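S.K.: The primary structure of each chain is shown beneath.
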Amino acid sequence: MSDHVAVHAAPTSFIRKYVFSLDHKIIGLQYYGLALVAVVTGMVLSWIMRVHLVWPNAPIPGLGFLSKTGAPGGVVTPEYYLQLMTMHGTLMVFFVLTNAPFAAFGNYFLPIQIGAEDMAFPRFNMMSFWTTFVAFCVLIAAFFVGDGPPLSGWTGYAPLSAVGGDAGPGQAVGQSLWGISIFIFCIASLLGSLNFIATTLDLRTKGMTLSRMPIVTWAWFITSCISLLAFAVLMPACLLLVLDRIAGTSFFIPAGLNVGDHIQPHQGGSPLLWQHLFWFFGHPEVYIAILPAIGIVSHILICNMRRNMLSHKVLIYCMMAIGFLSYMVWGHHMFLSGMNPFSALVFSFPTLMITIPATIMTLIWLGSLYGSNLRINSASLFCLGFISMFVSGGVSGFFLAQPSIDIYLHATYFVVGHFHMVMGVAAIMGVFAGTYFWFPKMTGRMMNETLGRWHFFLTLIGTYAIFMPFHYLGLAGNVRRYSAFQDDFLVPLIPVHKFITYAALFTGAAQLIFIFNLIYSRFKGAPATANPWECTSLEWSTPSSPPPFDNFGGQHPVVYHDPYQYGVKSSTGDYVMQTSPERVGETL
Amino acid sequence: MTTILQPPQAELDHEPPQRQTGGPGGNFRNLAPAGGDLRAIADRSGEPTRTGIWVGLAAIAMTFAALTSALYVREGSGYADWTHIELPQILWFNTLALILGSITLERARHRVAAFMRNEEHDRSVPMFWLNATMALGLVFVVGQYLAWLRLRSEGLYLPTNPNSSFFYVLTGVHVIHVLGGLGGLSRAMFKFRSATHPLRRSTMDATSYYWHFMGVLWVYLMFILWLKL
Amino acid sequence: MGGKIFAVLVVIIAIASAVPIINHTFLGASVTPPEDISTHGKAIDDQMSVTMAEAGVSFLAAQLILGLFVWQFANRKGGATKKFPGGAAAMVIVAFLFVGAEVLALGLVGSKAWAMVYFKPAAADALQVQAQAGQFAFYFRYPGPDGKFGQIHPDKIDEGNSNFFGLDPENDIPARDDITSGELVVPVGKEVHLMMHAKDVGHSFYVRELRIQQDFVPGLDLSVHFTATKVGKYEIVCTQLCGLGHYNMKSYLTVMSQEDYDKWLKSQSS
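The listed protein sequences derive, respectively, from chains A, B and C.
Read in our numbering, the first sequence has 371 at position 366, and its numbers run on one by one without any break.
Read in our numbering, the second sequence has 66 at position 53, and its numbers run on one by one without any break.
Read in our numbering, the third sequence has 349 at position 237, and its numbers run on one by one without any break.
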């Protein structure tokens with residue numbers, strides 16, 4: 006296939022090689038680096054939040070310099086708590102969970118796994134990363150302007166987010182910067198998805214049929230299809246929001262609002278419209294966050310089990326089903342929003358139905374483990390942790406999918422526990438698994454296995470210690486997005502919050518092991534062979550680690566086999582690589 | 014030196030599709046052991062540029078679907094401030110210009126293809142049609158601006174009432190995309206005349222599909238504006 | 113070794129997670145919904161119990177099986193690999209049948225509880241109370257002896273002079289006897305029709321014991337209805353992020369006997 010599409014010329018200057026690079030591998034690493042910066046920032050924000058919740062008067066060192074009004078003397082004010090919370094959510098959902106498992110690893114490995122030399126549109130690819138970077142800068146700028154960042158949450162509900170400065174600190178310039186940043190992020194994301202789709206459809210090498218693509222490639226492909234349609238809806242929503250704020254329109258602002266003693270000069274807009282537009286994007290977005298991790302984890306498990314899943318194709322169909330259903334359920338975020346109560350039941354039904362493909366996937370993972378011979382290493386451990394977290398986070402969905410139960414649990418810590426577990430932690434475990442697994446291919450060195458295992462076990466224990474209690478708090482009715490717990494029924498729950506805060510600080514500290522491992526191994530890690538995991542997919546067939554700039558050193562690989570020929574007699578041991586012309590021997 | 018953006022010379026000629034499925038080897042006999050476990054698929058005529066443009070158009074369609082539903086929701090909210098605005102007459106003229114532009118672009122595309130197949134040797138014929146398209150596109154853009162001026166003269170600004178808000182937003186978002194299309198068209202025209210970066214069939218096709226989509230989209234928007242606003 | 117550690121750990125975590133649910137406490141704090149004081153709450157609580165049972169069983173089963181399989185099948189010495197009987201097809205069928213049926217049941221049965229709250233209109237003789245949510249307080253309004261509510265004028269809101277609703281008693285006769293209160297006081301056993309509007313941004317009305325939660329959406333006149341079954345004082349808290357005072361935006365629902373309520377109402381009128 007790729008005969009006529011040759012690679013761009015090898016870059017020579019430093020700028021062309023590492024800064025404005027057209028090479029999908031460098032762009033993937035750039036996304037990873039950006040996600041790393043975002044996740045550390047987001048995590049520090051969460052530490053400040055957790056500390057403030059249980060020690061409200063404690064000064065946070067250094068915070069007073071960042072914001073004299075938000076944290077005078079380092080003591081977080083109620084508005085600043087919400088502002089930090091908004092930035093935490095925005096950074097994590099957009100710049101970490103959409104970037105790391107999808108843009109970072111996908112950019113790096115999708116072209117290699119299909120045997121291409123680069124993405125279909127390398128210049129769009131470069132633009133896509135730098136546009137994301139600009140969006141990141143615009144967002145971070147909100148920390149340093151006027152009143153600081155917005156306080157309306159990553160969901161930015163109107164009219165709080167739309168009326169401007171009257172609604173409170175951060176709602177003037179900060180909120181506008183947020184809207185602009187997300188708008189720019191949408192552009193970047195659309196460009197990226199376009200690239201992924203065109204590359205997957207058109208740049209597969211000879212013999213690489215769609216059914217021979219590894220499951221993780223499929224995951225990236227499905228994710229990019231979902232992402233394309235979702236971000237295309239968020240973009241106009243942000244545009245309308247910014248217009249309401251600066252141009253006096255009234256898309257989301259109704260008449261007669263008395264905000265901060267000013268009657269707002271707007272009329273006729275609908276706050277529900279913002280919610281519909283936002284969640285029409287927002288629900289597919291959470292699947293954009295989790296599907297790549299599902300693909301990564303499945304791919305790594307197959308390699309480490311030394312045999313295929315019961316059916317990796319069924320897993321792919323499940324991912325497609327989830328992707329399709331994800332567009333039909335957005336109203337489950339709006340059960341109590343004042344929309345027609347009949348619609349609540351209409352949305353509840355497909356929400357409950359998503360349990361089916363999710364269960365099929367879980368059963369296939371478990372059933373595939375049965376009778377296998379799983380190799381335990383840091384990567385496979387994180388895959389197992391993913392399964393555990395995915396189940397834990399998923400079953401709380403049973404509750405929230407039912408409108409009658411949502412009456413009680415909506416806007417409580419139950420919801421916060423649910424999405425952190427099933428989307429946040431699970432996806433991050435997928436990212437960790439991918440990092441340990443693909444580090445040898447990206448750098449030519451192995452990560453330290455001992456440190457990896459410590460990292461895993463401490464993170465597993467820590468994240469459960471943080472987020473499982475959130476569900477208990479929710480059952481007690483602990484309302485979310487509160488900067489302090491002063492209500493009569495909340496005060497007795499503060500000991501639980503203290504436990505969570507200690508767990509959060511502990512887990513955060515454990516991540517230092519990972520950061521250290523990353524940096525140390527990059528320079529001093531044990532040299533890796535070309536295929537240390539004895540994996541069949543094309544990324545392991547590149548002539549070097551890291552792969553040469555055109556991935557295959559001037560060759561065009563030919564694919565002869567389905568992706569997961571493990572557990573078969575072959576000249577290399579118990580597996581046959583996809584690019585090996587060797588016949589698949591009998592099953593071992 | 015070939016780049017990913019510039020195929021070898023052969024691609025500029027008409028390429029006969031060669032599909033072969035199943036069976037061992039085919040064109041790749043020399044790469045495969047005899048009787049091996051192969052299913053080598055030959056080159057598909059799919060070109061990333063063509064796929065890319067359809068994908069991009071899907072995203073743009075989704076954006077306008079979102080704006081349309083916003084319009085319906087806003088109108089259906091039943092607030093007394095939903096009113097009615099008269100569409101400036103120049104919009105019909107602009108519509109005509111855009112549709113004519115599609116026609117001229119199709120002629121241009123065929124002439125360019127003929128030129129690439131060496132049936133035609135005079136660059137000026139396709140260039141004429143390309144220039145005509147560009148001119149009609151600019152007429153459209155200027156005409157839209159005049160429509161905006163007309164509304165302003167009637168005291169209808171962006172925030173005046175919901176109808177005017179949607180008018181400006183829908184036409185504005187559309188015209189920004191049309192400007193993008195004009196940019197793509199001028200890039201195609203530049204490449205057509207360039208010796209070092211020759212135009213590819215797929216780029217010409219993609220530019221045309223995008224342009225036609227802008228036209229179809231505009232007809233749809235005219236219908237919505239006329240019906241709803 | 114790592115596999116076995118994981119297996120043990122995941123079982124411990126699963127059991128440890130289940131204990132507070134079974135115990136209803138964690139670190140001494142009660143982690144259960146408070147006593148239900150509403151007429152529709154039992155349906156919700158029953159639904160929650162059923163869901164908890166099913167979710168709990170699924171959770172424990174999955175984690176224990178995960179632990180068991182990893183213990184048995186990780187880093188083994190050689191050994192032929194066997195396949196799970198039935199393969200992928202069995203998983204698909206199991207998922208569809210069991211989970212599909214269970215989930216449908218939850219959805220269908222649960223819709224009854226939802227309908228009780230939202231599909232049934234308020235009784236014609238329900239006590240009408242208006243609620244206004246604004247940054248950062250709830251205010252409630254009773255129609256007074258004339259049984260009519262006065263007009264609301266957002267531009268006339270003057271909190272300094274306690275005109276929270278923006279009434280115009282000089283020009284608007286029904287407004288003159290309207291009773292404004294910072295607390296929601298209702299008689300026990302009587303259906304209350306709470307009509308809600310927002311003054312500025314989005315808010316939400318949440319009383320845990322009543323099993324009621326409903327957003328205030330600016331521009332929309334929404335309502336909920338409920339009947340409180342037990343005398344007492346219960347917290348009303350805001351659950352829709354509304355600004356810096358969101359954590360502090362609260363009120364109280366005071367449920368009184370009918371006589372006490374009448375006395376209270378009379379004392380407010382004067």
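Among the hints, erroneous ones may be present.
[Claimed, not checked] Some chain B residues judged to face chain A by a derived CB distance under 10 angstroms, without partners named: (1) W67; (2) S82; (3) A93; (4) I98; (5) E99; (6) L100; (7) I103; (8) A126; (9) A127; (10) G168; (11) N174; (12) P175.
[What the hints assert, rightly or not] Cut-off 30 angstroms, straight-line C-alpha distance, at most; resulting in silico cross-link-like pairs (DSBU-like, lysine-lysine): (13) K574(A) - K362(C); (14) K73(A) - K378(C); (15) K232(C) - K194(C); (16) K116(C) - K574(A); (17) K189(C) - K260(C); (18) K189(C) - K268(C); (19) K375(C) - K342(C); (20) K195(C) - K503(A); (21) K116(C) - K189(C); (22) K241(B) - K22(A); (23) K574(A) - K224(C); (24) K260(C) - K318(A); (25) K268(C) - K232(C).
If you are wondering where the hints come from, they were derived from the structure by calculation, not from laboratory data.
Fair warning: this is a prediction, and the values are worked out from it, not measured in the lab.
Built from N, CA and C at the ideal position, the CB exists for glycine as well.
S.K.: All hints, please: hold or fail.
M.R.: Tested hints:
no.	hint	result
1	W67	holds, 9 angstroms
2	S82	holds, 8 angstroms
3	A93	holds, 8 angstroms
4	I98	violated, 15 angstroms
5	E99	violated, 20 angstroms
6	L100	violated, 19 angstroms
7	I103	violated, 23 angstroms
8	A126	violated, 17 angstroms
9	A127	violated, 21 angstroms
10	G168	violated, 14 angstroms
11	N174	holds, 8 angstroms
12	P175	holds, 6 angstroms
13	K574(A) - K362(C)	violated, 70 angstroms
14	K73(A) - K378(C)	violated, 50 angstroms
15	K232(C) - K194(C)	violated, 56 angstroms
16	K116(C) - K574(A)	holds, 29 angstroms
17	K189(C) - K260(C)	violated, 83 angstroms
18	K189(C) - K268(C)	violated, 81 angstroms
19	K375(C) - K342(C)	holds, 18 angstroms
20	K195(C) - K503(A)	violated, 46 angstroms
21	K116(C) - K189(C)	holds, 14 angstroms
22	K241(B) - K22(A)	violated, 53 angstroms
23	K574(A) - K224(C)	violated, 59 angstroms
24	K260(C) - K318(A)	violated, 66 angstroms
25	K268(C) - K232(C)	violated, 35 angstroms
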